[in-house]
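Between the sequences and the hints, there should be enough to build the whole structure, so can you do that?
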Amino acid sequence: MNTTGSTFTQWRKSSYSGGESGQCVEVAQAPGLVGIRDSKNRAIGPLNMDRVVFAALVSKVKAGDLDL
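Counting from 1, position 31 in the sequence shown corresponds to residue 31 in the UniProt record's numbering; the numbering is continuous, with no gaps.
Do not take every clue at face value.
Derived DEER-like restraints, expressed as beta-carbon distance ranges [stated by the list, open to error]: (1) Arg-12 <-> Val-53: 26 to 32 Å; (2) Val-61 <-> Pro-31: 31 to 37 Å; (3) Thr-7 <-> Asp-67: 29 to 35 Å; (4) Lys-62 <-> Gln-29: 15 to 21 Å; (5) Leu-68 <-> Thr-7: 16 to 22 Å.
Once the Cα atoms are required to be at most 30 Å apart in a straight line, the calculated DSS-like pairs of lysine-lysine come out as [said to hold, decoys possible]: (6) Lys-13 <-> Lys-60; (7) Lys-13 <-> Lys-62; (8) Lys-40 <-> Lys-13; (9) Lys-60 <-> Lys-40; (10) Lys-40 <-> Lys-62.
To be clear, the hints were calculated from the coordinates, so they are not data collected in a lab.
Using N, Cα and C, we set each Cβ at its ideal position, and we do this for glycine too.
Dropping the structure here:
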């Protein structure tokens, strides 16, 4: 994973990030990568990860396997 060197053109906000709570996560795709960023602190840049790693992370979150 890295935080530099990729260009993401279309960011999408999580459907669970509605309202005024400020807890917003955005994702975008680039060739072979998925970027994740905090929409209220975009200046720090995205966390980039391989698409396979991202898919595994989403699966673990959906299954409740992580202490979030």
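Against the structure, the hints come out as follows:
A hinted range of 26 to 32 Å for the beta carbons of Arg-12 and Val-53 is inconsistent with their spacing of about 18 Å. For the hinted restraint 31 to 37 Å between Val-61 and Pro-31, the CB-CB distance of approximately 24 Å leaves it violated. In this structure, Thr-7 and Asp-67 meet the distance hint of 29 to 35 Å, their C-beta atoms being roughly 33 Å apart. Taking the beta carbon of each, Lys-62 and Gln-29 are about 19 Å apart, inside 15 to 21 Å as hinted.
Remark: the range hint 16 to 22 Å for Leu-68 to Thr-7 is contradicted by a beta-carbon distance near 29 Å. Taking the CA atoms of Lys-13 and Lys-60, the gap is about 20 Å. The hint holds against a cut of 30 Å. Restraint check for Lys-13 and Lys-62: satisfied, since their Cα atoms lie roughly 17 Å apart, inside the 30 Å limit. Restraint check for Lys-40 and Lys-13: the C-alpha separation of about 11 Å stays at or below 30 Å, so the hint holds.
Only pairs whose Cα atoms come within 30 Å are accepted, and Lys-60 paired with Lys-40 is accepted, the gap being roughly 25 Å. Of the supplied pair hints, the one linking Lys-40 and Lys-62 holds, its CA atoms being roughly 24 Å apart against a limit of 30 Å.
Violation of the numbered hints given earlier is confined to hints 1, 2 and 5; the remaining hints are satisfied by the structure.
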